[in-house]
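Colleague: Heads up: the protein sequence lines correspond to chains Z and E, in order.
Counting the first sequence from 1 gives a position; our numbering is that position plus 271.
Numbering-wise, our numbering puts 183 at position 193 of the second sequence, and it's gapless, one number per residue.
Derived from the structure by calculation, the hints contain no laboratory data.
Just to be clear, a hint being listed does not mean it is correct.
[Unchecked claim] Label-pair restraints from in silico Cβ distances:
| hint | chain 1 | residue 1 | chain 2 | residue 2 | range |
| --- | --- | --- | --- | --- | --- |
| 1 | E | R255 | Z | K288 | 39 to 49 Å |
| 2 | E | G237 | Z | V316 | 16 to 26 Å |
| 3 | E | V605 | Z | F277 | 20 to 30 Å |
| 4 | E | E206 | Z | T282 | 40 to 50 Å |
| 5 | Z | K288 | E | L259 | 15 to 25 Å |
| 6 | E | E240 | Z | V323 | 52 to 62 Å |
| 7 | Z | C287 | E | H247 | 47 to 57 Å |
| 8 | Z | V323 | E | V600 | 32 to 42 Å |
| 9 | E | P39 | Z | G351 | 27 to 37 Å |
[Claimed, not checked] Covered stretches of chain Z (chain E as the covering partner; in silico rule of three or more C-beta atoms under 8 Å from a C-beta of chain E):
| hint | segment |
| --- | --- |
| 10 | 290 to 302 |
| 11 | 313 to 327 |
| 12 | 335 to 344 |
[Claimed, not checked] So the derived list for chain E, only partly shown, Cβ under 7 Å to chain Z, looks like this:
| hint | residue |
| --- | --- |
| 13 | S50 |
| 14 | L81 |
| 15 | K112 |
| 16 | G113 |
| 17 | Q221 |
| 18 | R263 |
| 19 | W265 |
| 20 | P268 |
| 21 | L275 |
| 22 | F279 |
| 23 | D357 |
| 24 | G456 |
| 25 | L457 |
| 26 | E460 |
| 27 | I461 |
From the three backbone atoms N, C-alpha and C, an ideal C-beta is built for every residue, glycine too.
The primary structure of each chain is shown beneath.
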Amino acid sequence: MFLNSFADLETLPPGCKARVVRIEGGRGLVAKLSRLGIVPGAEVVLVSRAPVGGPVLVEVNGARVALGRGVARKVVVRPGA
Amino acid sequence: MLRVALVGQPNSGKSTLFNAIVGYRAVASNFPGTTVEVLKGKALVGGKPAEVVDLPGIYSLHAGDPAERLARDYLLSGQVDVVVNVVDASLLGRSLELTLELAELGLPLVVCLNMMDEAHRKGIHVDSERLSEVLGAPVVESIAVRGVGLKELLAAIPQAKVPTPPRYAADVEGILTRLATVLASRETRLPPRYLAEVLLAGENLPEEVGDGELTEAVEIARREFVSRRGQDPALVLSAERHALALGIFEEVARVTHAAASLRDRVDSLLMHRIWGYPIMLAVLLTLFFGVFKLGGVLEGYLLPPLDAFTAAVEGAFPGPIGKVLGGALQGLWAGIGIVLPYLVPFLFFLAFLEDVGYLPRVGFLLDGLMHRIGLHGKSVIPFLLGYGCSVPAVLATRILEEERDRLVTAALAVMIPCAARTVVIFGIVGRYVGPWIAFSLYLLNILVVAAAGTLLRKLLPGIGPGLIMEIPPYRLPTLRTMLLKVWLRLRGFVTVAWPTLIVASAFFSLIEALGWTRFLNTLVLPITWPLGLPATVGVPLVFGILRKELSLIMLGQALGTMDFGAALSGRAMVVFTVFVIFYVPCIATVAALWRELGHRKTLLVVAGTVGVALVVGLIVRGFSCLFGTGTH
């Protein structure tokens, strides 16, 4: 049941709110995301996504951050939180 | 002398503040990572002269990219007396993490809460007195773009205090304190607690303090972390800082409902998955044709009387003296009549797009395409800067984490037509062949850069990290900051390029009078001949390496007329311009490459660009022979 309720930032529909659960990446990636406030527990909103495999636009702590698809895929979230 | 360092997250208004304090030196832009160098200036602090240092914008002191390492090492070098932490108040919660890191350095600190107006718009109300109590250091509010709060900041700097270091959860504190005690006995200027954190996080140190005993103590502490928290110490510490920062934010700030944002609605249109693209194209076309039209009008007014004057001077002094004088005058007029009419509007439009914050949006829109051609999103920023000048573009590659990406991006960015090459494109092709052909040269350039990128990806494999880029809010630029930015960039032209133009132009007249041009032209024949260009354009190409604008001026000299259309076929003008766009970047850019990449890679880039220029020139020549009556 818990597994089903998880998604990642790549698949989250635009306008959807979510809470970050974990980041599936190396230390470097975790550190980079954490500086922008993307850490487990943070609330994010997926604002929009660019076409042709482009980045997703995420709002976190009132700031907007563009994440490439490869990065977005590694951010596991629980939607609707 | 008191030395004050400005430290803040990218796009916190640090450079704007620096400019306001020391009187315009730095180029501030509305996108992250603009300052990649340490900039210095002088200001009066508390009635005494002080040196103010603008460090690159950093999210963290726990160095990831080169800018962060640079800032950290500078702060730890013992040269800094006071740290001014510039904070975007509208992003206080996140920004406090850096503040907490700074609080561990044991340096006197002043926090400058900048962009208070933006915070209010977002409904964030900060109790700066409370914040000052919590941090144990003075807090000043400011709106740097409007000069609000500057006096208060300067007055607060002498009152700077070493802040209270943050206190983490008890178990973390225990481990840190124990390690710090071991470190305290070491010979080092650095605060032991900060060192303990750095060592635990497994980062390298700015100086050597390690020995056997210490390594063991660190190892024990790391194991303790993992057994207690089940996680790498670096992650635990960053999570602790995050929690602390959030706690402070909740204590000192009240968040009310934000005013419905017009900017959000603008963004949802400008960054729209479909509409974003035609709008982007329209913006860039407007930029292009705006500059073209405006430049053409100005040039039409300025050039004829100046040319008439040159002719009169040459008539008055027959012989070589008149020729050299005429050459010098032509260089002088070229600056006023050809370069400035295009350069000033171009730099102004670019400054506007930069300050409004449109450039990162373009980066967002183009990131997907960038990935397909072997680049990743952050490279977009050096590329876009490249349209202004290649030198800052090369320096901006420092925002990239991987060395391979820096090389690839720098190699490609120098092929982007900078403002100087834009002058050549407008002055030759735009004026004598047609604006649409000139515009298509920009598209051709993008295609070539893309192809070269794909090729480089094959030659230098490696998976770049994905895009992680902050998209700053739109900001209404003030006319003053835009004009100052235009001037800062123009200054390079006026003080360096223009005199070079004049001297080189006179020099060219001299060697022409002496009959030496034929020799130089013969040397360049291996390039001009296959491209189907007259041998006389050889010298302009050689001079173009000094400054790209020179190839335009020298071309007029070599042809004996500024009316290129009368002396060259349309095809020759296009091929010449294509070659100028791609071949060897100017001397200043080569120097920047040398510094960033080292001599070996620089030579490779230079050789590569000549190859690309030849190949593309040949292709353009071939195509225009096959299909073209359109260009003459």
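Colleague: Hints first: check each against the structure and report whether it holds.
Modeller: Verification of the hints:
{"no.": "1", "hint": "E:R255 <-> Z:K288: 39 to 49 Å", "result": "violated (19 Å)"}
{"no.": "2", "hint": "E:G237 <-> Z:V316: 16 to 26 Å", "result": "holds (23 Å)"}
{"no.": "3", "hint": "E:V605 <-> Z:F277: 20 to 30 Å", "result": "violated (50 Å)"}
{"no.": "4", "hint": "E:E206 <-> Z:T282: 40 to 50 Å", "result": "holds (46 Å)"}
{"no.": "5", "hint": "Z:K288 <-> E:L259: 15 to 25 Å", "result": "holds (22 Å)"}
{"no.": "6", "hint": "E:E240 <-> Z:V323: 52 to 62 Å", "result": "violated (40 Å)"}
{"no.": "7", "hint": "Z:C287 <-> E:H247: 47 to 57 Å", "result": "violated (21 Å)"}
{"no.": "8", "hint": "Z:V323 <-> E:V600: 32 to 42 Å", "result": "holds (33 Å)"}
{"no.": "9", "hint": "E:P39 <-> Z:G351: 27 to 37 Å", "result": "violated (58 Å)"}
{"no.": "10", "hint": "290 to 302", "result": "holds (count 5)"}
{"no.": "11", "hint": "313 to 327", "result": "holds (count 9)"}
{"no.": "12", "hint": "335 to 344", "result": "holds (count 9)"}
{"no.": "13", "hint": "S50", "result": "holds (5 Å)"}
{"no.": "14", "hint": "L81", "result": "holds (5 Å)"}
{"no.": "15", "hint": "K112", "result": "holds (6 Å)"}
{"no.": "16", "hint": "G113", "result": "violated (9 Å)"}
{"no.": "17", "hint": "Q221", "result": "violated (10 Å)"}
{"no.": "18", "hint": "R263", "result": "holds (5 Å)"}
{"no.": "19", "hint": "W265", "result": "violated (11 Å)"}
{"no.": "20", "hint": "P268", "result": "violated (13 Å)"}
{"no.": "21", "hint": "L275", "result": "violated (21 Å)"}
{"no.": "22", "hint": "F279", "result": "violated (26 Å)"}
{"no.": "23", "hint": "D357", "result": "holds (5 Å)"}
{"no.": "24", "hint": "G456", "result": "holds (3 Å)"}
{"no.": "25", "hint": "L457", "result": "holds (3 Å)"}
{"no.": "26", "hint": "E460", "result": "holds (5 Å)"}
{"no.": "27", "hint": "I461", "result": "holds (4 Å)"}
Of the numbered hints listed earlier, those contradicted by the structure are 1, 3, 6, 7, 9, 16, 17, 19, 20, 21, 22.
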